[in-house]
Amino acid sequence: MYLVTFRLAPGEYDTEFHELNDAIQAAAEDTEGYPGKQTWHAPDSEEVLVSYYWESLDALVLFGADTDHKRAKRRWTEWYDAYEVTVTEVVERYGSGFGDDPSSLV
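Offset between the sequence shown (1-based) and this note's numbering: plus 556.
Keep in mind the hints are simulated off the structure, nothing from the lab. Hints are all accurate, no fakes.
Here are the in silico distance ranges between beta carbons for each label pair:
id, residue 1, residue 2, range
1, 627, 651, 30 to 38 Å
2, 650, 613, 16 to 24 Å
3, 572, 649, 33 to 41 Å
4, 599, 640, 18 to 26 Å
5, 642, 579, 21 to 29 Å
6, 593, 621, 12 to 20 Å
7, 650, 630, 35 to 43 Å
8, 642, 567, 18 to 26 Å
9, 568, 649, 33 to 41 Å
10, 617, 653, 29 to 37 Å
11, 574, 613, 23 to 31 Å
12, 589, 567, 25 to 33 Å
13, 566, 592, 18 to 26 Å
Yeah, the Cβ is synthetic: ideal placement off N, Cα and C, and Gly gets one too.
Just need the whole structure built from these sequences, with the hints factored in.
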């Protein structure tokens, strides 16, 4: 399992951003090996963390080749004040009490 954490400081979102964002999410959902994502909003700032789960590195690479995803990466300065992507290999995930079954994404 791989976890891609997209940390962002939002800027101004326009109609094109929302359309592209929806297309990218649809592409992720259509990629075999994508079990889902989780989003967290910082309580004291505008910062957002979106964690995308991938069952394999191959699935992640396949999604990374998506045309809309590539286009969005080139245009990040139009919509974000800052961003950072971290790709990690998940060794283990467990817990209780957040309303999600932790095994549902791993």
